[in-house]
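Spelled out from the first residue to the last, the chains are:
2 protein chains.
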Amino acid sequence: MLKMKKVTIGVDIGGTNTAIGVVDEAGNIMVKDNIPTPSHGDIDRYIADLAAAINELIKSVTLINEDAEVIGIGIGAPNGNYYTGNIEYAANLSFKGAVHLVKLLRNYFPLMPALALTNDANAAAIGEMIYGGAKGMKNFVMFTLGTGIGSGIVVNGELVYGCDGFAGEIGHTSFIPGGRPCGCSALGHLEAYCSASGMKRTAFELLAHHNANDSLLADKSYRELDSKMIFDAAEKGDKIGIEVFQKTGAWLGLALANTVHYLSPEAIFLFGGPTAAGDFIFKPTKESMEEHLLPIYKNKIKILPSKLKSGDAAIVGASALVWKEIEKIYL
Amino acid sequence: MLKMKKVTIGVDIGGTNTAIGVVDEAGNIMVKDNIPTPSHGDIDRYIADLAAAINELIKSVTLINEDAEVIGIGIGAPNGNYYTGNIEYAANLSFKGAVHLVKLLRNYFPLMPALALTNDANAAAIGEMIYGGAKGMKNFVMFTLGTGIGSGIVVNGELVYGCDGFAGEIGHTSFIPGGRPCGCSALGHLEAYCSASGMKRTAFELLAHHNANDSLLADKSYRELDSKMIFDAAEKGDKIGIEVFQKTGAWLGLALANTVHYLSPEAIFLFGGPTAAGDFIFKPTKESMEEHLLPIYKNKIKILPSKLKSGDAAIVGASALVWKEIEKIYL
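Each protein sequence line maps, in turn, to chains A and B.
Using this note's numbering, you'd call the opening residue of the first sequence number 1260 and step up by one each time.
Using this note's numbering, you'd call the opening residue of the second sequence number 1260 and step up by one each time.
One or more hints might be untrue.
Some, not all, of what chain A presents toward chain B, calculated at C-beta under 8 Å [stated by the list, open to error]:
#1 Met-1263
#2 Val-1414
#3 Gly-1416
#4 Glu-1417
#5 Gly-1421
#6 Ile-1429
#7 Ser-1480
#8 Tyr-1481
#9 Asp-1485
#10 Leu-1513
#11 Asn-1517
#12 Glu-1525
#13 Leu-1553
#14 Ile-1555
#15 Asn-1558
Read the hints as simulated data drawn from the structure, not as lab findings.
Backbone N, C-alpha and C define an ideal beta-carbon position, used for all residues, glycine too.
Bound-form chain A, shown alone (with noise of 0.2 Å):
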């Protein structure tokens, strides 16, 4: 008898387009494709569309490797609950209400071993655990830093969902009260801050303050100005280019040690745009975060970048839930 080569589907589902993907067990996309998510919300046709672009995949990936065996599908979507199946009222997608997102696809699927749900950034944790750099740790936080900040947390092993899959939403833990509003509209909000959004806004408060007209930063509209460009500037030495991740990291690495005072965790991993700007935003986010913890946990939890890259993640990240899955159904 053939050993079978156990591979795993992801599928990510943004604001316009769901991304498909088979994994094989070290994390690599063997193949992939797109379709669009509707933007009318019509849940039964996408459901059909998804499904075949699915067996699709299946069918030419077995062809070149008969060996071959999928063992589920894990899907990434915003506000995707993990106990419930349903992406529930996710602001940036066109179904209304709570959409049965698994149910629906299991009538495709009755035998696929598993099918399961949770949103970006926790399926960014299970990737990072699976995959990535998270391997052989019980309790780490994931931090993916982009047009908002989304977290996922592990405890123990396990993906903490809380009482209701909707755990792990640090992004909109307060921060600065009164501060800046955030874009779920309460004030001084994480993500109004460190995301890559709040690098944004950062960089033309300091442009303002320092009424600095020769910034690298001054030709660039509110529109055009992302964190790319900020991190090109400050490689190139540009003084508001530097302080944008000066005060990123001194507010991020404040929010760090507070979730180190809650959960103690033996690292937390950021994803996103932001990161690629290395020892920029690393440096100050981990003095910030020192100078705030406890004499108790000073020099011992590590900030790591992301292993899972940044192109693929979201396909990786949603496949991995296969494999939690599997473990789930065979203890």
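Once you've looked at the hints, dock chain B against the given chain A.
Frame of chain A, contents of chain B only:
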């Protein structure tokens, strides 16, 4: 054969006094005793005294209840570390460095099925789960409001210890950057605002702010004021007393909202002196928490008073640790 009645020993190590009790399966203390916690750190002598006191209590219980079987000793202590069994650098105890409490006590009780140590707030959380209002809950958080603020986090039915046994120091999360100095010397921690001592600080700030010579609290010195006096004043309609509770609740509610965004618990339990004020503290706390929650969390997280009796809670909480240990042994 007799059906044995399982009993546990709870030990609460405080700064000046160590309380020991035998606790039945319902969480009632059957007999109890006290020995002094040494002020000059002779640990071997202390352990010998503690063992002798425990043996005396076991004797007195088994004399009356022939069918009583002692299944373990649970110990709660400041900076008690569950993983190592050590009390580590506790500021309020005279022992220097790390004291190998479980190891030393084990010499006296080589056959005791369970022998475990944790810190006070964790013990309270486990007590709530085994005997109190959190029975059957898998995800909840316990806050103990006293001189400081302790916290114990339960996720998936297990206490969160983190990578090193030190998780759950929510009282030392930064809450108002640059705010009041905390006992740990950092600025703006939750503990500096919402502990019983924090309430006293708030009262004095408000007396000064309103120049409130007519307040019922205006004849108290800083040293003599306590949270009970503030409650008494509030009950009599004193404006300063009422405002202290309103402000404390507003702050605490914001912190609880942060906790929900981390962990999405089913309930949050409050324990300690200030909770005796009932609606004075619970109402503004609940209102503020709801105001600061993301929509997905609104109107479903309970804020509940602890069901542990205040005088016995430390012993009973520590004894509950035994039941969690037994669960692990027989799993």
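We went through each hint and held it up to the structure:
{"no.": "1", "hint": "Met-1263", "in the structure": "violated, 32 Å"}
{"no.": "2", "hint": "Val-1414", "in the structure": "holds, 5 Å"}
{"no.": "3", "hint": "Gly-1416", "in the structure": "violated, 11 Å"}
{"no.": "4", "hint": "Glu-1417", "in the structure": "holds, 6 Å"}
{"no.": "5", "hint": "Gly-1421", "in the structure": "holds, 3 Å"}
{"no.": "6", "hint": "Ile-1429", "in the structure": "holds, 6 Å"}
{"no.": "7", "hint": "Ser-1480", "in the structure": "violated, 31 Å"}
{"no.": "8", "hint": "Tyr-1481", "in the structure": "violated, 26 Å"}
{"no.": "9", "hint": "Asp-1485", "in the structure": "violated, 26 Å"}
{"no.": "10", "hint": "Leu-1513", "in the structure": "holds, 6 Å"}
{"no.": "11", "hint": "Asn-1517", "in the structure": "holds, 4 Å"}
{"no.": "12", "hint": "Glu-1525", "in the structure": "holds, 4 Å"}
{"no.": "13", "hint": "Leu-1553", "in the structure": "holds, 5 Å"}
{"no.": "14", "hint": "Ile-1555", "in the structure": "holds, 5 Å"}
{"no.": "15", "hint": "Asn-1558", "in the structure": "violated, 12 Å"}
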